[in-house]
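Undergrad: Protein sequences, first through last, are from chains L, C and E. 1 is the number of the first residue of the first sequence in full-length UniProt numbering; add one for each residue after it. 1 is the number of the first residue of the second sequence in full-length UniProt numbering; add one for each residue after it. 1 is the number of the first residue of the third sequence in full-length UniProt numbering; add one for each residue after it.
These aren't lab readings, by the way, just hints derived from the structure by calculation. Just to be clear, a hint being listed does not mean it is correct.
PhoX-like mimics (lysine-lysine), calculated; alpha carbons at most 20 Å apart, straight line [said to hold, decoys possible]:
no., chain 1, residue 1, chain 2, residue 2
1, L, Lys-380, L, Lys-408
2, L, Lys-119, L, Lys-408
3, L, Lys-119, L, Lys-133
4, C, Lys-101, C, Lys-85
5, L, Lys-408, L, Lys-58
6, L, Lys-133, L, Lys-171
7, L, Lys-72, E, Lys-243
8, E, Lys-243, L, Lys-64
9, C, Lys-141, E, Lys-243
10, L, Lys-58, L, Lys-72
11, L, Lys-310, C, Lys-101
12, E, Lys-243, C, Lys-101
13, L, Lys-58, L, Lys-119
14, L, Lys-421, L, Lys-362
15, L, Lys-310, L, Lys-352
With beta-carbon atoms standing in for the labels, derived distance ranges [said to hold, decoys possible]:
no., chain 1, residue 1, chain 2, residue 2, range
16, E, Ser-160, L, Arg-181, 47 to 55 Å
17, L, Gln-43, C, Ala-75, 31 to 39 Å
18, C, His-169, L, Lys-250, 21 to 29 Å
Using N, Cα and C, we set each Cβ at its ideal position, and we do this for glycine too.
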Amino acid sequence: MADQDTTTDDLTPERSRPGSEPQLKPQVLSFDEVAAQAHTAAQLDLSRGSVLEVDNLKMYFPVKAGGLIRRKVGDVQAVDGVSFQVPRGGSLGLVGESGCGKSTTGRLITRLYQPTGGKILFEGRDLADLSNKQLKPLRRDIQMIFQDPYTSLNPRHTVGSIIGAPLEVHKVVPKNQILPRVQELLEIVGLNPEHYNRYPNEFSGGQRQRIGIARALTLNPKLLVADEPVSALDVSIQAQVINLLQDIQKEFDVAFLFIAHDLAVVRHFCPEVAVMYLGKIVEIGDRDSIYSNAHHPYTQALLSAVPDVKQAAIGGRRERIRLEGDVPSPINPPSGCRFRTRCPIAQEICAKHEPPLLQIGKRHKVACHFPGPIHQHPDKPITARLLGTDDAGSPDPGATPSSQIANKPGYDDTWYDLDAKTFGRA
Amino acid sequence: MTIHNMPSSSTGNGDPDAFLVVEDLNVEFPTPDGPVQAVQDLSYRVGLGQTLGIVGESGSGKSVSSMAVLGLHDAQRSTITGSIKIGGQEVVGLNEPGLRKLRGNAVSMIFQDALAALHPFYRIGAQLGEAYQVHHSSASKRDARRKSIEMLDRVGIPQPDKRVDDFPHQFSGGMRQRAMIAMGLINDPSLLIADEPTTALDVTVQAQILDLLQDLQREFNSAVIIITHDLGVIAEMADDVLVMYAGRAVEYGPCKEILVAPEMPYTWGLLSSIPDVMADTDARLIPIPGNPPSLLSPPSGCSFHPRCVHVDKVPGALCATTLPELLPGGRGPHHLKRCHLANPAEIFRTEVLAEIAPKMVEEN
Amino acid sequence: MFAYIIKRLISGVIVVILVSMAVFALFWFGPEDPARPICNQQTGNRCTPDRLENFEEQMGYNNGFVSEYAAYAKGIFAGRQMEIGSTQIDCDAPCLGYSHRTFNLVWEELIDRVPATISVAAGGAVLYLLLGVPIGVAAARRRGTLGDKLLVSSFLVISSVPYYLFALLAWLYFTLIWQVPILGDSGYTPLTDNPAKWFGGLLLPWLCLGIFGCTQYTRYTRGAMVETLSEDYIRTAKAKGLKPSTVVYRHGLRSALVPVVTVFGIDLGVLLAGTIFTERIFEIQGIGRWGLQAVQSFDLPVVSATALFGAIIIVISNLIVDVIYSVLDPRVRLS
């Protein structure tokens with residue numbers, strides 16, 4: 001591991017006890033050395049196919065009435081028809097605001113929940129309907145990293161037993177080889193291998209997150225679901241952990257489903273990004289499509305809301321698309337497009353029809369009737385003809401719905417050309 | 001060690017008659033493991049209509065110092081020395097009734113997690129009205145209610161006459177923070193301290209709240225302190241920035257100065273360790289190695305030296321033995337930094353910027 | 001909220017039925033024939049198998065558990081005809097049978113003793129709440145100071161003395177040795193007969209229960225209060241410029257009371273179901289002593305009645321706690 005020298009010496013307070021002689025040459029790397037170990041934004045390798053394919057995934061949680069007889073009165077449509085691919089050894093970012101269903105999606109993929117519908121194809125095998133017993137061997141391949149390093153580690157277990165537990169459960173190595181493996185993992189995540197006997201409370205937040213990462217790596221997974229892995233950490237520690245995750249990705253060839261609300265962190269870590277709103281993907285694409293060429297008004301609003309450090313140099317503020325009000329309840333979501341109640345460009349059709357997730361570029365899909373760059377959204381819905389309606393969304397007897405709009409994972413070689421208003425461009 | 005000799009005249013930001021003037025503030029908590037110096041030799045000032053951003057990580061003392069402004073530390077469990085003047089009135093050593101007259105009135109505070117900071121058992125209106133009535137003893141319940149509705153309306157809560165009777169848990173996160181702001185502003189304070197006001201919120205809600213704070217500041221012409229770990233929030237909101245590390249100010253100056261031409265390696269580290277939604281993808285994310293120090297046994301010399309990647313550029317062991325003073329660097333009297341580096345501007349431009357914003361350097 | 005109370009009420013009724021069945025069964029299938037002590041008593045310890053058989057028949061023990069429990073349950077709701085010796089009596093609803101020891105109707109004995117128990121329990125509970133909560137709050141506000149430490153440790157000493165010993169010593173000194181006026185004349189006089197005597201006779205039992213209970217309530221309140229005072233909304237209240245007393249009582253105490261009320265509900269239920277030691281030591285004819293005597297003499301109908309009474313009281317006090325919860329915490333009320 002390249003990064004370990006800077007961080008193996010953890011528990012900083014210890015080494016700077018008063019009375020210890022100030023070192024003439026402190027054991028800290030120079031800036032150039034640290035910089036050389038840091039990563040630039042991750043890049044995508046398209047040639048290797050996908051490790052995970054999620055097809056029309058749904059998760060409805062029943063809502064029960066509060067009365068004497070707790071009859072079911074509706075569903076929280078936490079995830080409603082989500083499709084995407086995670087490239088082998090690559091990362092897909094899942095962004096959106098609280099309640100958009102991104103964490104539920106992560107939990108579905110690790111099968112902490114049983115999905116209401118849809119497929120989770122991992123290495124071609126559908127995990128959606130497998131029983132717990134059938135899942136057990138597959139659980140080795142998909143592991144999870146949690147947000148809160150303070151509550152996700154059992155305070156009564158030593159770090160060694162936390163990291164070693166999966167080895168025991170899955171009986172992968174003989175008992176006497178567990179400790180060496182645990183120490184190896186501690187070293188990989190930049191902790192002192194001699195500290196396997198310590199308890200989580202002896203570590204700082206950043207170090208605990210490293211322990212959580214070591215635990216997730218124990219069984220050499222092929223896919224890591226990281227749910228807000230850095231949002232509970234101090235700023236200076238966030239970058240350490242992100243670099244560590246990038247090291248791990250390179251060295252062990254793990255794919256990431258990276259769930260976060262921090263758009264900047266996702267942009268750095270993930271060459272591909274999906275934006276979720278109220279249980280649906282509204283826009284998905286490669287980094288440039290989402291961050292430099294977003295076509296969905298929600299993505300545009302989200303990006304414009306992120307405070308930007310570089311702004312100080314210019315002074316004033318970037319133009320901001322204000323979203324009014326709050327996210328509606330997922331129990332009774334708006335008809336048609338779920339974003340329409342807060343959308344600055346919504347028209348009649350938006351209330352009548354849900355916009356299909358339409359591929360509009362090589363690796364770019366958007367679910368909007370009026371997709372376009374900021375301030376250049378078309379006046380007329382481009383989807384009307386595809387849906388077989390007129391521009392107001394009423395059925396048009398002369399038009400037939402297109403067969404080319406399907407909610408499926410991945411990208412086609414041909415897509416809808418927004419300029420030519422027709423399919424077919426490779 | 002030679003520490004306590006910072007000339008107070010060097011903190012030259014803002015006018016000398018600023019509304020809030022903090023000088024040589026020290027806050028110490030006795031603990032079973034020994035005294036903790038949570039804040040040391042801190043000086044800053046904020047004028048009316050001005051916004052000061054205080055940045056730092058957990059344990060940097062950024063919240064502790066602002067709690068001291070309101071006198072919220074238990075006198076029996078803390079030792080506070082130095083001077084805090086609010087509109088000319090000295091707060092350090094002021095008796096409890098005197099402090100109460102200031103709290104929520106001339107100075108008010110809004111907190112990070114509005115769900116925890118509002119009382120779960122009382123209606124929003126009752127909590128706002130209470131804040132009003134404390135400082136308007138002649139106001140009736142009806143006056144207080146009318147004022148509460150007016151304030152809820154002002155901060156953009158729809159149907160304020162109905163929502164005033166809701167309990168905090170019936171509000172969404174963004175609305176709770178708005179209600180919190182309404183409560184903070186109900187007595188038209190001259191100084192508003194916002195402690196991580198948007199940390200728990202989603203970006204679009206954060207944007208709404210920051211806009212609201214700016215609008216309100218313009219309207220009320222109050223002095224504002226924003227405490228945050230998010231440099232983006234600072235960039236949008238602050239006129240002046242104070243960077244804190246291990247209880248001390250390490251860099252202090254106008255916002256543009258600090259973010260465009262920082263002169264202290266900790267500030268560089270903060271800038272290089274956050275990704276940006278607009279940055280070029282060749283930029284590296286360069287972390288600050290190690291962990292923040294324990295305040296129980298702070299490092300000798302410069303508190304940041306055990307994590308500093310530029311100590312090799314300072315002759316001898318100066319960083320480990322001598323605490324640098326907070327003094328103007330090469331960019332004029334208003335930009336103060338606490339660092340031994342002789343040519344920080346050069347290092348920042350040629351080394352740091354080259355990694356974190358390669359395109360910016362090429363253009364120059 | 002209303003539906004919630006109905007639901008709790010239904011589950012409460014089920015609990016009461018199960019308790020009554022369990023107690024009934026415990027005695028029915030127990031090692032000692034419940035008819036034997038009656039037989040011994042009635043025949044002057046010359047209980048022959050024939051006579052025992054006779055008693056069993058009369059008391060209904062030959063009818064089998066199910067039919068006898070059914071008859072018992074029917075009696076509660078509709079009343080029943082019963083035989084004592086050769087006399088037939090009407091046992092009106094709610095019929096709990098007759099005591100095998102005194103041959104009085106159980107319901108009448110119960111009604112006779114309830115006021116004494118309620119007087120003792122309510123007075124004691126009011127006292128320990130009125131003492132314990134304010135002392136707990138005061139200790140929490142001064143936590144860590146010498147006074148707080150002294151109070152906490154001295155209360156720990158008191159509460160580690162067994163209660164019966166505590167009450168016994170109080171009785172010994174106040175009544176027997178010092179013969180303090182008023183305090184020394186403990187016993188129960190109905191409130192309606194002579195309010196002054198009622199008060200005087202119960203003062204010492206109340207003080208005993210109150211002081212002993214107050215040590216525990218001080219601990220609960222102090223703990224809850226220390227936790228509440230570190231909440232963010234307390235900091236908000238201070239930052240508003242409220243007086244410390246307003247911060248502590250209006251903002252702090254209401255939250256801190258929630259866990260205290262839970263314990264109080266359970267305690268009150270237990271107290272009302274009979275304070276055996278208190279009633280025994282201070283010669284008060286309450287439910288506790290009555291139940292004790294009944295167990296000692298295998299008086300099944302009385303034992304069942306005390307168990308039933310206790311279960312009902314505890315169900316009701318839990319219900320009251322739920323209502324108080326919803327008054328204190330609107331989140332309960334509105335969900």
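Undergrad: What hint numbers does the structure not satisfy?
TA: Of the numbered hints, 1, 7, 8, 11, 15, 17 and 18 do not hold.
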